[in-house]
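Visitor: Just so we're on the same page, my numbering is the position in the sequence shown counted from 1, plus 21.
Please keep in mind that the hints were generated in silico from the structure rather than gathered at the bench. A few of these clues could be false.
As a list, the in silico EDC-like pairs of lysine to aspartate or glutamate whose alpha-carbon atoms are at most 20 Å apart [what the hints assert, rightly or not]:
1) Lys229 with Asp246
2) Lys240 with Glu275
3) Lys101 with Glu193
4) Lys259 with Glu288
5) Lys141 with Glu278
6) Lys240 with Glu288
7) Lys141 with Asp158
8) Lys290 with Glu149
9) Lys244 with Glu254
10) Lys229 with Glu254
11) Lys234 with Asp158
12) Lys263 with Asp212
13) Lys201 with Asp260
14) Lys201 with Glu275
15) Lys201 with Asp212
16) Lys274 with Asp235
17) Lys201 with Asp97
18) Lys274 with Glu190
19) Lys169 with Glu254
20) Lys266 with Glu278
21) Lys171 with Asp158
22) Lys280 with Asp260
Simulated restraints on C-beta separations [what the hints assert, rightly or not]:
23) Ser248 with Gly102: 40 to 48 Å
24) Asp212 with Arg291: 23 to 31 Å
25) Lys201 with Ser227: 34 to 42 Å
26) Val312 with Asp162: 32 to 40 Å
27) Asp212 with Gly292: 31 to 39 Å
28) Lys259 with Arg153: 30 to 38 Å
29) Pro308 with Pro76: 47 to 55 Å
30) Pro308 with Pro137: 15 to 23 Å
C-beta: ideal position from N, C-alpha, C; glycine also.
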Amino acid sequence: MTKLFHLLFCVFLTSQFAFLTAQAGDEKVKPSPETYTDATGSLAFAGYDRAPAHPVVGQNGMVAAQERIAAQVGRDILAKGGNAVDAAVAMGFALAVTHPSAGNLGGGGFMMIALPDTNKVIALDFREMAPRGASRDMYLDAHGNVDKSKAQFSRLSAGIPGTVAGLLEALETYGTMNRKQVMAPAIRLADKGFPVSYGLSHSLKSVKKYLAKDPSSIKYFYKPDGSPYAQGEMFRQKDLAKTLKRIARYGAKEFYEGKTARLLADEMKRGGGLITLEDMNASHTDPRTPVHGT
22 MTKLFHLLFC VFLTSQFAFL TAQAGDEKVK PSPETYTDAT GSLAFAGYDR APAHPVVGQN
82 GMVAAQERIA AQVGRDILAK GGNAVDAAVA MGFALAVTHP SAGNLGGGGF MMIALPDTNK
142 VIALDFREMA PRGASRDMYL DAHGNVDKSK AQFSRLSAGI PGTVAGLLEA LETYGTMNRK
202 QVMAPAIRLA DKGFPVSYGL SHSLKSVKKY LAKDPSSIKY FYKPDGSPYA QGEMFRQKDL
262 AKTLKRIARY GAKEFYEGKT ARLLADEMKR GGGLITLEDM NASHTDPRTP VHGT
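Could you put together the complete structure from these sequences and hints?
Guide: This is how it looks when you write it as structure tokens:
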């Protein structure tokens, strides 16, 4: 599996979609404002930032993501000789930086990898899991109705994250590059910053009333005066860069058993969440049997 066409790969992350293929296209499509190709036109990527769907064709490979900078990261990995899994994992970590509303280390997802050489499809389930302290009625109020403030906007709503475990398991099993190679773009974006898109600026404005309840969130996602970043302004995430560097150096074990796991468990305890260090230690991915049809 050293060439691009040896893998046809689909990866589904929570609330986001990324698709990669290494099949040649039969025709060329004029790039739209949201579509990009390299100098030779052999690789293409599309970044969907509140833009309508449109066709994109590449001769040797293609990536697509909900956010354009992350899509560029995936295309660059393919151009450097990485396979589809390498590109998808790089995009997944990049989305944790550039698309925090959905692409993040605290989420989870599903992954399907088709291996043409063996005519086999691999399915990996790394969705979030409920912590051991969760209970059936924990989101209900005194009248038996769902309390949305608990179910959606509190630390009680958080599940044990599976993204890091799933992405790195796929990389180690089916990728060709190492962690540092595929995570370098995400680390750079978090450390040096990136220009805020219209979509991210709009998202930060719309959720401020919820994030304002947590001082650390306001400090992290907004400017020092508390105002949201405007389109085009640089957004840097130094703490996230440090976390990504630890994961790149030590792997998934760091996230689930090391400093990051301890920080997460401490924050959950402080804020009334349920995830413990033991929950993080017990996190795992699950292989699934894909459904086939004719």
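Visitor: Going through the numbered hints above, which ones does this structure break? Give me the numbers in ascending order.
Guide: Hints 2, 5, 7, 11, 16, 19, 27, 29 not satisfied by this model.
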